[in-house]
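Chain order of the listed sequences is A and B.
The opening residue of the first sequence carries number 1 in my numbering; numbering runs sequentially from there.
The opening residue of the second sequence carries number 112 in my numbering; numbering runs sequentially from there.
The reader is advised that the hints may include incorrect statements.
[To be verified] Pairs of lysine-lysine, BS3-like flavour, derived with a Cα cap of 25 angstroms:
#1 B:Lys223 with B:Lys179
#2 B:Lys223 with A:Lys44
#3 B:Lys181 with B:Lys147
#4 B:Lys211 with B:Lys178
#5 B:Lys223 with B:Lys181
#6 B:Lys178 with A:Lys44
#7 B:Lys181 with A:Lys44
#8 B:Lys179 with A:Lys57
#9 A:Lys44 with A:Lys14
#10 A:Lys9 with A:Lys57
#11 B:Lys211 with A:Lys57
#12 A:Lys9 with B:Lys147
[Claimed, not checked] Going by beta-carbon spacing under 7 angstroms, a handful of chain B positions derived as facing chain A:
#13 Thr209
#14 Gly210
#15 Gly215
#16 Gly217
Simulated from the structure, these hints should not be mistaken for lab results.
What you are looking at is a predicted structure, and each value in this text was computed from that prediction instead of being measured.
In this text, a Cβ means the ideal position worked out from N, Cα and C, and glycines have one as well.
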Amino acid sequence: NAGVTQTPKFRILKIGQSMTLQCTQDMNHNYMYWYRQDPGMGLKLIYYSVGAGITDKGEVPNGYNVSRSTTEDFPLRLELAAPSQTSVYFCASRLSTDTQYFGPGTRLTVL
Amino acid sequence: GEDVEQSLFLSVREGDSSVINCTYTDSSSTYLYWYKQEPGAGLQLLTYIFSNMDMKQDQRLTVLLNKKDKHLSLRIADTQTGDSAIYFCAEKSGSSNTGKLIFGQGTTLQVKP
Numbered sequence: 001n002a003g004v005t006q007t008p009k010f011r012i013l014k015i016g017q018s019m020t021l022q023c024t025q026d027m028n029h030n031y032m033y034w035y036r037q038d039p040g041m042g043l044k045l046i047y048y049s050v051g052a053g054i055t056d057k058g059e060v061p062n063g064y065n066v067s068r069s070t071t072e073d074f075p076l077r078l079e080l081a082a083p084s085q086t087s088v089y090f091c092a093s094r095l096s097t098d099t100q101y102f103g104p105g106t107r108l109t110v111l
Numbered sequence: 112g113e114d115v116e117q118s119l120f121l122s123v124r125e126g127d128s129s130v131i132n133c134t135y136t137d138s139s140s141t142y143l144y145w146y147k148q149e150p151g152a153g154l155q156l157l158t159y160i161f162s163n164m165d166m167k168q169d170q171r172l173t174v175l176l177n178k179k180d181k182h183l184s185l186r187i188a189d190t191q192t193g194d195s196a197i198y199f200c201a202e203k204s205g206s207s208n209t210g211k212l213i214f215g216q217g218t219t220l221q222v223k224p
């Protein structure tokens, strides 16, 4: 298994641009999560999904959207990028046990 | 609301023991976790403890849980330079069935040779 994969690894956006951060897991996990990690801070939950077709907001959802059309994929969409969205984004997944498995992260800079 | 707090920095000498501390506020926490993040990498689960346990040992790692004081610690015995990383404490609320985790801000462990 590749586990949780994320693309791209790095990206620089201009203010107002849009992009999609991709996340895929091949472990057939029901639950998937998107977190952001700001410098010197812990992870904050943006959105999560308990299964295909079901998504819900986390702590910091503003400025983001998600979809979950398949079990494997959980893309995160930024429509109008702002400097406040400069961060490292982590995707995670879990099955019915409580262990979350994390991807390697996407480092995003908005200038 | 739910909150998890950690000290930000710890420096130890190679071969010493490291103790990283964490406090949390949610009394309904069911699982508490320790994750390790190496530079430029994602989070790696180190160990976890269920809330009805006081202690869990896994090789060089010992987790202690004081549920009364809502205090969690991670002890790394014989700390090595490869243990240098950021360590995150996280808790899973018992009131949530979605598996959401609340993370502390991370403790940077520096191991000096």
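Here is what the structure says about each hint:
no.	hint	verdict
1	B:Lys223 with B:Lys179	34 angstroms, violated
2	B:Lys223 with A:Lys44	31 angstroms, violated
3	B:Lys181 with B:Lys147	21 angstroms, holds
4	B:Lys211 with B:Lys178	20 angstroms, holds
5	B:Lys223 with B:Lys181	31 angstroms, violated
6	B:Lys178 with A:Lys44	24 angstroms, holds
7	B:Lys181 with A:Lys44	21 angstroms, holds
8	B:Lys179 with A:Lys57	31 angstroms, violated
9	A:Lys44 with A:Lys14	23 angstroms, holds
10	A:Lys9 with A:Lys57	24 angstroms, holds
11	B:Lys211 with A:Lys57	11 angstroms, holds
12	A:Lys9 with B:Lys147	19 angstroms, holds
13	Thr209	6 angstroms, holds
14	Gly210	5 angstroms, holds
15	Gly215	5 angstroms, holds
16	Gly217	6 angstroms, holds
Consistency note: the structure conflicts with the earlier hints numbered 1, 2, 5 and 8.
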